Amino acid sequence: MSVETSSTRLAHALKSFRQVWQESRAEWRDQKASSFEEKYVVLAEACVRTALTAMDEMNGTLAGARRDCR
Amino acid sequence: MAEYARVGSIDALRALRSGVLRFIEAAEQATFEVESEIQRTLEWLRRDQAAHWRGQVRRRTEDVRRARLALNRKKSLPAIGTRPPSTVEEEDALNLARRRLEEAEQKIQAVKVWAQRIEKKRTAYRGSLGPFLALTDGELPRAVRELDQMVASLDAYVALETPDAEVAPAGAGMPRPGGPEDDEPGAPARPAETPQDRDDER
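Residue numbers (my numbering), protein chains in the order written: chain R, 99 to 168; chain W, 22 to 223.
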């Protein structure tokens, strides 16, 4: 499977996670929910963004190798 | 004063727990696949392409040798009348063979350069992925444990307070499964508050 496909799947997984969080957040309205959001949801979004950037860069490198060495 | 959890539906927490687990699984799969793809590309370069272009260099070296022989043979032919035989075709063939040999030699060099470049990029990639791996290996499993504790405490509370009800009324305040001291990840949930606890606080 290509890096691009994995990257797309990861982005989709984050989107699903964000959606389930928003649905849960509607039912969970206290300080602990805010803390959970800050500790895990916001962190997950930041980490995934960094990972996607790294994956995109890696994808470009691998594509260059395939193009030049074929 | 007791701190109350404001959870309208315990099932929402269960759904969130499942969502976190699904995310962890998808994230681990994505990182595994990227690593596999990097490794596959390195093997393709070092094994397949390196061998392919080495073979091409051998074959194209032979092509150059034959093209040179053909040219020399043509040059050694006796002149027809006053004009020597044309060698344009043989010279073109030799030039083409040389260009193709040069290309194969450059490809061998490119395979080495790209393999080294990918190794370096892989190191940088793994470094960039550090926080993400800490998230999926440490933080999110901790989140799942926190949710497990909350669900267990709230289930216990609901069973205690409303034995006939399956779910607490939406928006109802429930004793928080863990006070401020439980905010640290992994801390055990405080047992559901009892009516006696509340009386004591009055």
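For the record, the hints were derived by calculation from the structure and aren't laboratory data.
Certain hints may be false.
Claimed, not checked - If the Cβ cut is set under 7 angstroms, some of the chain W residues that face chain R in the computed set are: (1) S30; (2) A33; (3) L37; (4) A51; (5) V55; (6) P105; (7) N116; (8) R119; (9) A131; (10) V132; (11) Y146; (12) L150; (13) G151; (14) F153; (15) P162; (16) V165.
Here the structure is a predicted model, which means the values were calculated and not measured.
Don't be surprised by glycine CBs; every beta carbon is placed ideally from N, CA and C.
Each hint, compared with the structure:
1. S30: 4 angstroms, holds
2. A33: Since the shortest Cβ distance to chain R is 4 angstroms, the answer is holds.
3. L37: 4 angstroms, holds
4. A51: For A51 of chain W, the interface hint holds, since the closest Cβ of chain R sits about 4 angstroms away, which is under 7 angstroms.
5. V55: 5 angstroms, holds
6. P105: With Cβ-Cβ at 42 angstroms, over 7 angstroms, it is violated.
7. N116: Result: violated, 24 angstroms to nearest chain R Cβ.
8. R119: 21 angstroms, violated
9. A131: 5 angstroms, holds
10. V132: 5 angstroms, holds
11. Y146: 5 angstroms, holds
12. L150: 6 angstroms, holds
13. G151: Constraint on G151 of chain W not satisfied, violated at 9 angstroms.
14. F153: Holds - the Cβ of F153 of chain W comes within 7 angstroms of chain R, reaching about 4 angstroms at its closest.
15. P162: Violated. Min distance 11 angstroms.
16. V165: Status violated, d = 10 angstroms.
Consistency note: the structure conflicts with the earlier hints numbered 6, 7, 8, 13, 15 and 16.
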